[in-house]
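Q: Using UniProt numbering, you'd call the opening residue of the sequence shown number 1 and step up by one each time.
One or more of the hints may lead you astray.
Using 20 Å as the maximum straight-line C-alpha spacing, the simulated EDC-like pairs for lysine to aspartate or glutamate come out as follows [claimed, not checked]:
| hint | residue 1 | residue 2 |
| --- | --- | --- |
| 1 | K40 | E30 |
| 2 | K53 | E16 |
| 3 | K18 | E31 |
| 4 | K65 | E35 |
| 5 | K40 | E29 |
| 6 | K65 | E31 |
| 7 | K53 | E42 |
| 8 | K53 | E41 |
| 9 | K18 | E29 |
| 10 | K65 | E30 |
| 11 | K65 | E25 |
| 12 | K65 | E41 |
| 13 | K65 | E16 |
| 14 | K18 | E30 |
| 15 | K18 | E35 |
| 16 | K40 | E25 |
Since the hints were made in silico from the structure, they are not lab data.
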Amino acid sequence: MDLSSNPGTVPLTRTEMKCLTMIAEGYTEEEIGRELTLSKEETTAVLNVVVIKLGSPNRMAAIGKAMRLGMISCN
């Protein structure tokens, strides 16, 4: 998946949004996987796609960008 030409413009799927929200709330990959019935590896892959889609260098930056864009909020 090459999204590098237009990062941050590809919408996230429901699963990607849920994983992003849960990781931002402090859940581990294992906990997210149990909640969403994904393996740890699948969870990791989903989160890696989120980072790419948001055009971020890492998960923390993706969380920050998603918060600034109003995509997620942490309570």
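Q: Run every hint past the structure and note whether it holds.
A: Verification of the hints:
1. For the hint pairing K40 with E30, the CA-to-CA distance comes to about 5 Å; that is within 20 Å, so the pair holds.
2. A threshold of 20 Å between alpha carbons decides the hint, and for K53 with E16 the separation of about 10 Å falls inside it, so the pair holds.
3. Proximity of K18 to E31 is assessed by CA-CA distance (about 12 Å); at most 20 Å being required, the pair is judged to hold.
4. For a cut-off of 20 Å, the pair hint linking K65 to E35 is broken: about 24 Å separates their Cα positions.
5. Taking the CA atoms of K40 and E29, the gap is about 6 Å. The hint holds against a cut of 20 Å.
6. Pair hint K65 plus E31 does not hold up; C-alpha atoms about 23 Å apart against a cutoff of 20 Å.
7. Only pairs whose Cα atoms come within 20 Å are accepted, and K53 paired with E42 is accepted, the gap being roughly 16 Å.
8. At roughly 18 Å between alpha-carbon atoms, K53 and E41 fall within 20 Å of each other, so this suggested pair holds.
9. The hinted pair formed by K18 and E29 meets the criterion: a straight-line CA distance of about 12 Å does not exceed 20 Å.
10. For the hint linking K65 to E30, the alpha-carbon distance of about 24 Å lies beyond 20 Å, and the restraint is violated.
11. Annotation: proposed proximity of K65 to E25 holds, straight-line Cα distance about 15 Å (limit 20 Å).
12. Simply put, K65 and E41 have alpha-carbon atoms about 24 Å apart, too far for the 20 Å limit, and the pair is violated.
13. Straight-line distance between C-alpha atoms of K65 and E16 comes to about 14 Å, which keeps the hinted pair within the 20 Å bound.
14. At roughly 14 Å between alpha-carbon atoms, K18 and E30 fall within 20 Å of each other, so this suggested pair holds.
15. Of the supplied pair hints, the one linking K18 and E35 holds, its CA atoms being roughly 10 Å apart against a limit of 20 Å.
16. Among the hinted pairs, K40 with E25 is consistent with the structure: their alpha-carbon atoms are about 17 Å apart, no more than 20 Å.
Hint violations for this structure: numbers 4, 6, 10, 12, all remaining hints satisfied.
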